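The primary structure of each chain is shown beneath.
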Amino acid sequence: MTVIPEFCAWLENTSVATTIRQSTWLFPAIETLHVLATVLVVGSVTMLDLRLLNVAWRDRTIREIHEEVLPWTWSSFVVAAMAGSMLFSSSATKYYHNFPFRMKMVLLLMIGINAAFFEARTYQRVENAERRGQIPVAAQVAGAIGIVLWIAVVACGRWIGFTK
Amino acid sequence: MLQSFCDWLSNTSLSLTIQTVMWIIPAVQTVHILCVAVVMSSMAMLDLRLVGMAGKRRSVSQMVSRLVPWVWGALPVLLTTGVILIVGEPSRELLNPYFRAKMAMLATVIVITLVVERKNAKDPDYWESRGPAAALTGLASLLLWVGIITAGRWIAYY
Numbered sequence: 001m002t003v004i005p006e007f008c009a010w011l012e013n014t015s016v017a018t019t020i021r022q023s024t025w026l027f028p029a030i031e032t033l034h035v036l037a038t039v040l041v042v043g044s045v046t047m048l049d050l051r052l053l054n055v056a057w058r059d060r061t062i063r064e065i066h067e068e069v070l071p072w073t074w075s076s077f078v079v080a081a082m083a084g085s086m087l088f089s090s091s092a093t094k095y096y097h098n099f100p101f102r103m104k105m106v107l108l109l110m111i112g113i114n115a116a117f118f119e120a121r122t123y124q125r126v127e128n129a130e131r132r133g134q135i136p137v138a139a140q141v142a143g144a145i146g147i148v149l150w151i152a153v154v155a156c157g158r159w160i161g162f163t164k
Numbered sequence: 001m002l003q004s005f006c007d008w009l010s011n012t013s014l015s016l017t018i019q020t021v022m023w024i025i026p027a028v029q030t031v032h033i034l035c036v037a038v039v040m041s042s043m044a045m046l047d048l049r050l051v052g053m054a055g056k057r058r059s060v061s062q063m064v065s066r067l068v069p070w071v072w073g074a075l076p077v078l079l080t081t082g083v084i085l086i087v088g089e090p091s092r093e094l095l096n097p098y099f100r101a102k103m104a105m106l107a108t109v110i111v112i113t114l115v116v117e118r119k120n121a122k123d124p125d126y127w128e129s130r131g132p133a134a135a136l137t138g139l140a141s142l143l144l145w146v147g148i149i150t151a152g153r154w155i156a157y158y
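Top line first, the protein sequences correspond to chains U and D.
Here this note's numbering is used: the first residue of the first sequence is 1, the next is one more, and so on.
Here this note's numbering is used: the first residue of the second sequence is 1, the next is one more, and so on.
Just so you know, the hints here were simulated from the structure itself, not pulled from any lab data.
Careful: at least some of the hints might be erroneous.
Among the chain D residues that face chain U by a calculated CB cut under 10 Å, a handful are [claimed, not checked]:
{"no.": "1", "residue": "W8"}
{"no.": "2", "residue": "L34"}
{"no.": "3", "residue": "V39"}
{"no.": "4", "residue": "G52"}
{"no.": "5", "residue": "R58"}
{"no.": "6", "residue": "S59"}
{"no.": "7", "residue": "A104"}
{"no.": "8", "residue": "A107"}
{"no.": "9", "residue": "T137"}
{"no.": "10", "residue": "L143"}
{"no.": "11", "residue": "V146"}
Ranges between beta-carbon positions, derived for each pair [claimed, not checked]:
{"no.": "12", "chain 1": "D", "residue 1": "T17", "chain 2": "U", "residue 2": "S23", "range": "49 to 55 Å"}
{"no.": "13", "chain 1": "U", "residue 1": "M110", "chain 2": "D", "residue 2": "A27", "range": "33 to 39 Å"}
{"no.": "14", "chain 1": "U", "residue 1": "S75", "chain 2": "D", "residue 2": "R58", "range": "15 to 21 Å"}
{"no.": "15", "chain 1": "D", "residue 1": "V83", "chain 2": "U", "residue 2": "A144", "range": "27 to 33 Å"}
{"no.": "16", "chain 1": "U", "residue 1": "D59", "chain 2": "D", "residue 2": "K122", "range": "20 to 26 Å"}
{"no.": "17", "chain 1": "U", "residue 1": "T61", "chain 2": "D", "residue 2": "K56", "range": "31 to 37 Å"}
{"no.": "18", "chain 1": "U", "residue 1": "I113", "chain 2": "D", "residue 2": "A104", "range": "42 to 48 Å"}
Here the structure is a predicted model, which is why all the values come from computation and not from measurement.
Note that the Cβ used here is the ideal one computed from N, Cα and C, for glycine as well.
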């Protein structure tokens, strides 16, 4: 499998990657955007996760919270992913071999699976259960998994900066 | 004087521990960023509501009572983790213009948030009835929080 290393080598020689790498201020500026978007992703989705766990905002239905916060999560995620891709491109090979970076990507994939399963299967059961004053166990589990995985993503993201 | 304070602090056993145990700083930074996530999301939603751009189905009063307590809850954790980071690297923080700008913006936005909360506590319709002033307050608060995060990240690049 040399496809990914070859892709990384090509990517870091693109003009965008070279410009970011050679600039003194572009990397921190894009990184700032990445952090700003990331805190909005994590903060907003955690509001939903905490509601699923019945910890916060019990006076409002899960559907209300779902409708209110997920547009924030998704729009911020697009920005975080684009800024993150630009940061990655600047030293693609280095990041590809970086363990916390790989962990972060695996964790993000797990977050995607957890969210997709919740949306496809669990969410439709939430409303009926809420009318009976309950939250499906599957929804609570999805919320708990989401919180743990996002904490781990932030930790891995921070650790990238402390490893070679 | 600040320089000698930094020198003294960085030679205390607590600071030396933070400097030598490699996982402490990234772990503390992780907690710090997670709390920033709580604060920033809460404040962005409230600020954009004040500006009139988001969450119009809810009253400002509802959003203040729902969101601001999270900010006051996260702030002590932010201060604690922030102090640990300062103790670990005193001159990197205290002598850093980005750090000072961050603290100045933080002090300002705390005052603004207290005002928003107090006015709302006295009269739940206060902010609803003051369109331009509410919008300006929300915008100032939002820009300050963006500035705080930006300055926070740039501390590392000074």
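Consistency of the hints with the structure:
1. Given hint, W8/D at the interface with chain U, is violated; its Cβ is 26 Å from that chain's nearest Cβ, farther than 10 Å.
2. A distance limit of 10 Å between C-beta atoms decides the matter here; for L34/D the minimum to chain U is near 6 Å, and the interface restraint holds.
3. Taking 10 Å as the C-beta contact cut-off toward chain U, the hint placing V39/D at the interface holds, the least distance being around 8 Å.
4. The interface hint given for G52/D is broken, as the beta carbon of that residue sits about 16 Å from the closest beta carbon of chain U, more than 10 Å.
5. Given hint, R58/D at the interface with chain U, holds; its Cβ is 8 Å from that chain's nearest Cβ, closer than 10 Å.
6. Because the closest C-beta pair between S59/D and chain U is about 13 Å apart, greater than 10 Å, the hint is violated.
7. Because the beta carbon of A104/D sits about 18 Å from the nearest beta carbon in chain U, more than 10 Å, this interface hint is broken.
8. Hint on A107/D is violated. Least Cβ distance to chain U is approximately 20 Å, over the 10 Å limit.
9. Checking T137/D against chain U by beta carbon gives a least distance of about 20 Å; that is not within 10 Å, so the hint is violated.
10. Hint status for L143/D relative to chain U: violated, with the closest Cβ pair at about 12 Å, above 10 Å.
11. Below 10 Å, beta-carbon pairs count as interface contacts, and V146/D has one with chain U at about 7 Å; its hint therefore holds.
12. In this structure the supplied range 49 to 55 Å is violated for T17/D paired with S23/U, their Cβ-Cβ distance being about 36 Å.
13. Against the hinted window of 33 to 39 Å, the Cβ-Cβ separation of M110/U and A27/D comes to about 21 Å, which falls outside the hint.
14. In this structure the supplied range 15 to 21 Å holds for S75/U paired with R58/D, their Cβ-Cβ distance being about 19 Å.
15. Checked against the given bound of 27 to 33 Å, the beta carbons of V83/D and A144/U, roughly 30 Å apart, stay inside it.
16. For the pair D59/U and K122/D, the supplied restraint of 20 to 26 Å holds, since their beta-carbon distance comes to about 23 Å.
17. For the pair T61/U and K56/D, the supplied restraint of 31 to 37 Å is violated, since their beta-carbon distance comes to about 18 Å.
18. At roughly 43 Å, the beta carbons of I113/U and A104/D sit within the given window of 42 to 48 Å.
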